[in-house]
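Engineer: Chain order of the listed sequences is G and X.
Every letter in the first sequence is one number past the one before it in our numbering, and letter 72, counting from 1, is 72.
Every letter in the second sequence is one number past the one before it in our numbering, and letter 55, counting from 1, is 55.
Mixed in with the good hints there might be a few duds.
[Stated by the list, open to error] Partial pick of chain X residues on the chain G-facing surface, computed with a CB cut under 7 Å:
#1 6
#2 8
#3 9
#4 62
#5 87
#6 96
Derived by calculation from the structure, the hints in this document are not laboratory data.
Every value quoted in this text rests on a predicted model; they were computed, and no experiment measured them.
Here a beta-carbon is modelled for each residue, glycine too, at the ideal position from N, C-alpha and C.
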Amino acid sequence: MDLSNVAIVGSFETDLGIVADRGPMALGVQAALGAIADAGLDASAIDGLITCNSLVTPVMYHAEATAEYAGLTPSHCLSVGTGGGTTYTALRYAAAAIQTGLATTVVVSMADSMRSFMTRDRAMAVQSSSGHPHFEQPYGPTVPAYYALIARAHMDTFGTTEAQFAEAMVSSRTWAHENPTAQYRERVTVDEVLASKPIADPLKLLDCSIVSDGGAAVVLTTRERARDLPHTPVLLKGYGEGHHYEHISQATDLTRSAAVDSGKAAFEQAGIEPSDIELAQLYDCFSPALLIQLEDLGFCDKGAGGDFLASGATRPGGALPVNTHGGMLSHCHPGNPGAMFGLTEAVRQYRGAAGTRQLAHLEHTLLHAQGGIMSSHATVVLGRAN
Amino acid sequence: MAGVDQLNQVYFDGVAEGQLRIQQCGDCGAQQFYPRVVCKHCGSEHSQWIVASGQGKVSSYSVVRRGVSADFSAPYIVALITLEEGVTMMSHVVDVEPDQVASGMAVTVAFRPVGGADIRPVFTPALASR
């Protein structure tokens with residue numbers, strides 16, 4: 001659906017990384033109220049709130065409880081749950097509510113505390129629960145193992161190497177080094193990634209995203225209302241989704257994901273091509289996920305993702321800056337809200353407030369998130385108001 | 001087993017008898033796994049159970065170095081096995097050193113306890129490839 005009447009006018013990130021003094025609900029509320037203040041709005045202006053549930057302390061009515069805690073009394077409350085794809089799915093439903101007149105000003109707020117409030121046993125139980133309860137979980141797969149199945153298939157099919165997967169973390173840390181809020185900022189080399197602890201062959205510890213606490217929120221409203229607000233609005237130019245399967249054992253092609261569909265739809269709606277994208281904020285839960293998204297979203301040919309990563313194209317000064325905040329490999333990954341920080345960083349880039357990471361020119365940004373095991377995909381194209 | 005419905009129980013009864021059961025559509029003839037009340041290819045509700053040959057190939061695998069729980073002693077090999085009937089299932093490859101497993105490897109079903117719990121279908125290197 002056409003979302004041309006919708007603008008992102010507020011954006012906020014809480015303290016990130018290790019935040020032991022407050023839990024996920026508090027972080028989500030802090031994010032929501034911070035984004036409302038950033039938008040220059042009063043809480044009474046908010047008539048919609050969309051959140052995702054916490055994996056650490058799930059509650060039955062999550063958005064409603066968030067509104068209650070924050071003192072908001074919106075007309076619309078919705079908690080969404082599509083795993084890592086949650087962020088941009090929620091963004092689209094918020095935008096659709098505004099576009100259709102169901103709501104005028106909607107907050108999308110997400111937070112969790114995977115680092116400080118989750119035990120290792122609970123974390124392992126949650127991650128294995130993404131598998132089929134009768135036909136996958138009994139075999140003890142871990143989430144890294146699921147992505148390892150994809151990585152292995154890509155290596156077997158296209159000759160991709162472990163050193164090429166390692167380039168994902170090298171690129172991530174190069175950006176994170178420039179971001180004071182990133183949880184891990186120390187640069188790494190390919191050799192250091194290859195020498196890191198084996199987790200699920202061929203993936204090592206430094207092929208895997210980090211575990212964090214943190215929250216982030218954005219405020220969306222009509223373009224008309226955005227004219228009276230302090231920040232130059234960021235517009236939603238295109239959106240697409242794709243869903244080919246949920247369980248990895250049901251995938252018909254391990255090396256080609258439904259990001260092909262979600263990206264195509266988003267580009268078509270925005271009326272642009274992959275070559276028009278100047279910033280890509282991708283879902284880097286594991287190095288092979290990043291590599292395959294680069295291919296499936298059309299930034300390089302199928303099978304060429306390893307060469308593309310190794311070329312340095314995604315690093316500072318490269319042809320396609322990817323995850324300028326450091327991504328979930330280095331900056332912040334509190335679970336389902338992980339991709340929120342790709343969005344808040346994009347807003348920061350549009351505002352010229354990204355410090356030493358600032359891109360000289362930015363018209364079109366691509367955001368991508370995925371849930372499941374490369375299963376559910378959501379792609380957003382952002383642009384400037386002209 | 002908790003949450004196993006009547007349909008899935010047919011599969012697990014097969015495992016208890018040393019059979020790997022998959023569904024074949026009575027209308028379009030397509031096979032599917034996991035069991036469903038409808039054929040995912042044509043929507044027919046006339047699926048029948050057949051006993052798979054138990055021969056297949058490793059389509060991808062991972063040697064898990066950090067086990068999911070204390071019940072799973074690492075390393076263990078999680079694999080996607082494509083049966084010769086054409087359907088794919090998750091399983092373990094056993095009776096092989098981790099550095100000897102490879103995609104495309106021919107495997108044969110066996111029935112063993114998995115994760116210190118129930119008997120499950122797992123796969124061993126096929127005789128010809130040993």
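Engineer: Looking back at the numbered hints, which does the structure fail to meet, lowest number first?
Structural biologist: 1, 3, 5 and 6
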